[in-house]
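Quick mapping for you: the protein sequence lines, in order, are chains S and V. Numbering follows the working numbering, in which position 473 of the first sequence is assigned residue number 753; successive positions increment by one, without gaps. Numbering follows the working numbering, in which position 124 of the second sequence is assigned residue number 1194; successive positions increment by one, without gaps.
Simulated from the structure, these hints should not be mistaken for lab results. None of these values were measured; they are calculated from a predicted model. Cβ coordinates follow ideal geometry from the N, Cα and C atoms, glycine included. It cannot be assumed that every hint is accurate.
[What the hints assert, rightly or not] Computed far set for chain V versus chain S, every beta-carbon distance over 12 Å:
# : residue
1 : A1141
2 : I1191
3 : L1246
4 : T1255
[What the hints assert, rightly or not] The calculated lysine to any residue pairs, modelled on SDA-like cross-linking and capped at a C-alpha distance of 25 Å, are:
#  : chain 1 : residue 1 : chain 2 : residue 2
5  : S       : K375      : S       : L321
6  : S       : K375      : S       : I330
7  : S       : K375      : S       : L289
8  : S       : K375      : V       : R1105
9  : S       : K375      : S       : G466
10 : S       : K375      : V       : T1202
11 : S       : K375      : S       : I294
12 : S       : K375      : V       : S1187
13 : S       : K375      : V       : V1277
14 : S       : K375      : S       : L296
15 : S       : K375      : S       : V322
16 : S       : K375      : V       : A1125
17 : S       : K375      : V       : L1108
18 : S       : K375      : V       : F1147
19 : S       : K375      : V       : L1098
20 : S       : K375      : S       : P649
21 : S       : K375      : S       : W759
22 : S       : K375      : S       : D424
23 : S       : K375      : S       : A687
24 : S       : K375      : S       : P514
25 : S       : K375      : S       : A290
26 : S       : K375      : V       : A1118
27 : S       : K375      : V       : R1160
28 : S       : K375      : S       : P663
29 : S       : K375      : V       : A1107
30 : S       : K375      : S       : E421
31 : S       : K375      : S       : A326
32 : S       : K375      : V       : L1276
33 : S       : K375      : S       : L283
34 : S       : K375      : V       : N1090
35 : S       : K375      : S       : D422
36 : S       : K375      : V       : I1233
37 : S       : K375      : V       : A1144
38 : S       : K375      : S       : V302
39 : S       : K375      : S       : L300
40 : S       : K375      : V       : A1293
The primary structure of each chain is shown beneath.
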Amino acid sequence: MLLLLTLPLAAALICLLAPLSVARTVTALSGAASFAFVLVLVPAVARHDINFLRVLRVDALSVVFMLATGFLYAAVAVYSIGYLSGEGPGHAPGKRTRRLWAGLNLFAWAMLAAPMTSNLALMWVAIEVTTVVSALLVAVEDTDGAAEAAWKYVLLASAGLGLALLATIFAYYAGAQVLGQSYDLGFTQLLAVAGRLPHAAVELTFVLAVLGFGTKMGLVPVHTWLPDAHSEAPTPVSALLSGSLLAVSFYAILRFYQVTEAAVGPAFPRNVLLVFGVASLLLSAMYLFGQRDVKRLLAYSSVEHMGILAIGVSFGAPAALAGVLLHVLAHAAAKGNAFMGAGVLVRKLGTKQISAIRGGLDLLPWSGPLFLVAVFALGAMPPFGLFRSEFEIVAGGLGSGSYVPAAILIIAVTAAFFGLAGSVTRMLMLPLPRPQTPVPDRTPVAAGARIESGAAQRETAIATSTTAPALARGEPSAWMVVPVVAGAVALLWLGVHPPAVLDQLFARAVGLLSGGAS
Amino acid sequence: MSGVVAATVAAPSALAGGANVIAVGVLLAEFGMFRQALLRDQVRLYAAQSALISALAIVVAATRHLPDLYALAALSFALKTVIVPVVLRRMLRGIGAIGSDPRWGDIAGSHALSVASAVLIAIAVAAFGFFTVAALGLTSPVLPATALSISVAVILVAFVLMIVRRDVISQAIGFLSLENGVSLTALVVAAGLPLILEIAFLFDLLVAAVVFGLLIRVHHGRAESMSTADLTNLRG
């Protein structure tokens, strides 16, 4: 466990000092090792909680989120090798690439640390660290859009976390009424005395926590930074942001949920989450139609899935809660895959505009189909993990009598699937508007004009200049395919037959989440 | 209010008055940020506000015999009144050629609303926060509940500040002063918070300030101004 805390940190340091080739090996190794350590923790935690050094504590709930982060960290580390080496000559490699490597490690470290602490204050600190590190990573692409997205992100997320800090302070206040003026603010301490905490303070705490951490998690109406940051960040960072950072923020909300549920009963926190969840789901499902930027499309899909998570918790039934936890894992794998697949498409065609990306299946023998698989998985098609998890959530909702939210969930998810699948199939299936057999001597101007007949001239120029020479069928880099294959296998595994140890883990975590229900 | 029910020591009135005066000072500093026209003054005002909070921490430490708070006051003074403003100025040196002093950017014209309307809105919001928190009936053995209400008003006004001023400096200072408001809240309701956690918070604030500075530089490098008015390309 201690290794897990020090390894990515050490890797970050090495990346700052060592040559780039060393940096990328170290990052990949550190990612793989971190994931392996988390895997080792799983069977142990499925039996009993692990306490360490007073402030460190891993239980079934936290290990679920560490699994998601560990998996994505490993996948993204490998993917980045291809992503960063294949850049065109126009980029100045040295400093910027080095920062990206170091930042990736630091970012992963903070996201692994947040679920490992039992202390609400330290958890807040870890999450704020993820904000500032990832804001710098968003800004690493030296463009106007990246600068704008990074500024919006850091300001909104920090302001949100300011509210979350207020929530932490009030949680301390609530605990101090029972535990006395000096205690550690560990959530186990709070849980132990939850029945005697003052209700008004706990309710205030929970609302502030949902609003504050919800800003980072991307709940509507405080999600506005999310599509900007996801679309402007480098692809490996987008994958980590979406699959892992949002989940870690959700984890923070779950911890407050645990305390609140034990203190004031389940109705209040569930209603709060239901309102935010339904708003997120409905709004993002609408935004999925008519998106023009492929990475924004995926970003809104993240908002949608965060809404599903919030609704799942609000159902409160054990089946729904187990579904939520599975959903966290499967969403990490699927969204990571989708971003990585989209990254390959963007690299190949040189544009993020959906209208300019065509013929993905023809051009990319591996990434094209894998991207399609990832998107179908995101749309909760069987046999993938997200189908199983959403099925469990809906079944749990119907079982606990929440018919209206369950119906809204099904309708919105279906709508979102059509929005997502519509754009993606157009990008992958429609041929590039030029002869099917690769005839490279077509004049690029004519081809470009046909791609973008109605769109702005500038876009046309971008699309043309980059697509024209690179139309040969083939992958930009094998490094960018391997992690996606791993993600697809994981999705299939989670969907068809999740391992038994995972069931035990979920059972324990569900016990934690509904333990204090009176 | 219902605070008298608690079996704890009732706050002596001199202390209560003093604490409230300091808290009001913090709120006034927050209002002052609405009209500062120079980057330098905005940072100075933040430093002054932070100094007020350190002073309040010393008052609480002395009257409530909480020796930890002396250390906290010293640390927070060092960090928020000295280091963070110095770091911010260092990072922003050489930015902005307009204004009275060429080293400091002029952020006078960055209001989305006129100063008067902005202040009116802030007053309304502050009053809302003040009375809402009072209605919750949260009491503290350390400081009067009024200080808590004022601290929440500070937080809300910081949000208004970030919304109505369209330059990156005021928005960054808005966030930092939001954190000041939270510190004020923490002094009232969580004075016993372990020192190590407070240090973690402060360290985190320093990191955040550095990152804000870096991003301001990035923004200025691209936009050639402090204004956020042109940050509207990403939408939908």
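Quiz item: Taking only the CA atoms, is the gap from K375(S) to L1098(V) under or equal to 25 Å?
Solution: violated, 44 Å
Exercise. For the pair supplied as a hint, K375(S) and L1276(V), confirm whether the alpha-carbon distance does not exceed 25 Å.
Key: Since the Cα atoms of K375(S) and L1276(V) sit roughly 24 Å apart, the hinted pair holds (cutoff 25 Å).
Quiz item: Given the hinted pair K375(S) and T1202(V), is their alpha-carbon gap at most 25 Å?
Solution: violated, 50 Å
Quiz item: CA of K375(S) to CA of P514(S), is that 25 Å or under?
Solution: holds, 15 Å
Quiz item: Does the structure keep K375(S) and L296(S) at a Cα separation of 25 Å or less?
Solution: Holds, because 9 Å separates the two Cα atoms, which is no more than 25 Å.
Practice problem: Find the nearest Cβ of chain S to the Cβ of L1246(V) and say whether that gap is larger than 12 Å. | Solution: violated, 9 Å
Quiz prompt | K375(S) paired with I330(S) [C-alpha distance capped at 25 Å] | solution = violated, 40 Å
Quiz prompt | K375(S) paired with A290(S) [C-alpha distance capped at 25 Å] | solution = This hinted pair holds, its Cα atoms lying about 19 Å apart.
Practice problem: Could you grab the alpha-carbon distance between K375(S) and D422(S) and see if it respects the 25 Å cut-off? | Solution: holds, 12 Å
Practice problem: Would you check the hint for K375(S) and W759(S), treating anything up to 25 Å between C-alpha atoms as holding? | Solution: Roughly 22 Å separates the two Cα atoms, so the pair holds.
Practice problem: Take the C-alpha atoms of K375(S) and N1090(V), compute the straight-line distance between them, and say whether it is at most 25 Å. | Solution: violated, 50 Å
Quiz item: Does the alpha-carbon distance linking K375(S) and A1118(V) stay inside the 25 Å limit?
Solution: Violated. K375(S) to A1118(V) sits at ~38 Å, over the 25 Å cutoff.
When each numbered hint is compared with the structure, violations occur for hints 3, 4, 5, 6, 8, 9, 10, 12, 15, 16, 17, 18, 19, 20, 23, 26, 28, 29, 31, 33, 34, 36 and 37.
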